[in-house]
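Chemist: Same order as they appear, the protein sequences are chains A and B.
Numbering-wise (this note's numbering), the first sequence opens with residue -4 and increments by one.
Numbering-wise (this note's numbering), the second sequence opens with residue 13 and increments by one.
Certain hints may be false.
Selected chain B positions facing chain A (in silico; Cβ < 7 Å) [to be verified]:
1) VAL87
2) GLU91
3) LEU94
Just so you know, these hints were derived from the structure itself, not from any lab.
All C-beta atoms in this analysis are idealised placements derived from N, C-alpha and C, irrespective of residue type, glycine included.
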Amino acid sequence: MATPVLRWCCPGRRWVFAGIGGVSRHGRGVPTGSTSSGKRGQSSVAQQPLITAQKPRKGEREWAAVVGLEIHAQIASNSKLFSGSQVDFAAPPNSLVSFFDASLPGTLPVLNRRCVEAAVMTGLALDCHINRRSLFDRKHYFYADLPAGYQITQQRLPIAVNGSLVYSVCVGKRRSQMVTKTAGVKQIQLEQDSGKSLHDSLRSQTLIDLNRAGVGLLEVVLEPDMSCGEEAAAAIRELQLILQALGTSQANMAEGQLRVDANISVHNPGEPLGVRTEVKNLNSARFLAKAIDYEIQRQINELENGGKILNETRSFDYKLGCTVPMRDKEGKQDYRFMPEPNLPPLLLYDSESLPTGTDPQQVINIDQLREQLPELPRVTREKLVQQYGMLPEHSFALLNEVGLLEFFQNVIKETRAEPKKVTSWVLNTFLGFLKQQNLAVSESPVTPSALAELLDLLDRKAISSSAAKQVFQELWRSKGKTPAQIVAEKKLELMQDAEALEQLCRSTLEAHPQVVTDVKKGNPRAINKLIGLVRRATLGRADPTVIKEVLERQLSL
Amino acid sequence: MWTRRVWLGLRASAGGRRGFPSKADPQGSRRVTAELIEHLERLALVDFGSQEAVARLEKAIAFADRLRAVDTDGVEPMESVLEDRCLYLRSDNVVEGNCAEELLQNSHHVVEEYFVAPPGNISWPKLDEKEPFSHC
């Protein structure tokens, strides 16, 4: 039991203690960590750490990681949360800024109805309790892109609380099984976004663009129910799909419409939770899981080496692939929360409590919004599985690519082929070609009608499946041609003359007596040779399965 | 105007209704420590330059402490004087913006159409941070 092996409880993951000797490593530049290669870092006997609060036990030691997430999603609305200036990603600097956004004296916040509806819809989709009364507060801190010196948020009483986010992760050796997990939603609150800072280190200045200042954000706080980067990434992905299905946010991480901060700590199972660190700047879907796993491993290594975890804020450095401490303001931030004096409480109603004789524009009915909720991804997937008998993994794959589901449904509409065939062609062949050339579904040279026609030909046994693949390739390359045209051009139609095929098979058998003997001897691969010969003789216009059938019959096997 | 009347009223009732607990000694239990001053200066970017200023702060705290003389047990706190008002909901239309030129005139120093600020966060001279906090 020379090397203490750390087992970290995450489905399918085994992590090896990567520390060397008793020197604990801090901060940046720790090369070990994010990859799961077990071979690296298998040092000899770990030395006793220099400073120990508690001597680490030799042998198996399990660690459990706890990950909570704070997600900021930009609300998809025309105008900002408290002002009437436009929300747009790319516009000339400071052109979408109103006097209120610039925090000029004498301006007041006026709440945008659409943002409230977006918050309620999101809360309903996540099974939250919607607070009929919620309040706005000011959170004070100084930063150049926050002109007012405070952010209007909902700290005391947010608009929605106590919900849950159901998501799935792939488990199993071949990662083919999907397991459902749940993360609690602590709360959803409305708050303002800040402006953008561009750092000009050359001239030692920061350039400020307030276009984003005041844009409505939904902050979704997930309870620390996740245990590794993969789970966190899966939860985020599902939240993205939900927000996109609701239309409340486009949730595009690349455009900064979805930003994630993670709260991470580790502990030994059964013992109290460890000190947590906050990791900010997790704004890439690709690196989210890696960054979280890196931090978990860093904390494990630190504790195993006898060090301590500081309750600090860290940032993920994409280039170095590690988390680095952000130079923290001294001690904890004191935001001096106070009620926003310019906004009365936000009151929401349901059908029962709706006051009569009021302007409908001025009241929000939760029940009405609930009725109007679009179909959630989870429901769409269930329907696909029920209706078309596909595996859950397939339903996930169909929803995971923009426009793919619609493409699939259009093909289904126009073809007589079995849904399973369609699923297979769309997810394997079609998606494969798209990925190879890095295209979006909308950029596909093959239309749903074309694929439907192709699948019909296949279904009617007018062409073989290998011929179908050829046709598909040709469809991809040359726009405008229909599958029927390509089949005719390349003479890919299956032989319909059964008698002619029988004749060809017989003559092939006669011409190759040696192979026939091999087959009769029991060589399983010999028959394939015969099939190949017949195929060549038919110029590829016979289905190999049919050929095999005929040959076997003729050889009376 | 009415806030002043209320305050005077409170003061009177507080004094008359029940015995004041021994008048809080501003230099005693409400001592404002140097640590607290530093913390406040950093938070509010205010300069408590002199001992006089600190003394004034202590007096202000003692003055506000009189609120504690009022018994508020079982009384729901009023968080906003607007609590009976209706929160107006605006339609989601674009009606403002497009005044970059006007806004930029407020700033001494602009670069193209950007406002200019010192690098990173506003650093506090007393702290021994080498670099300001770099925000994304």
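Chemist: I'd like to know which numbered hints this structure contradicts. Please list them from smallest to largest.
Modeler: Going through the list in order, the structure violates hint 1 alone and respects the others.
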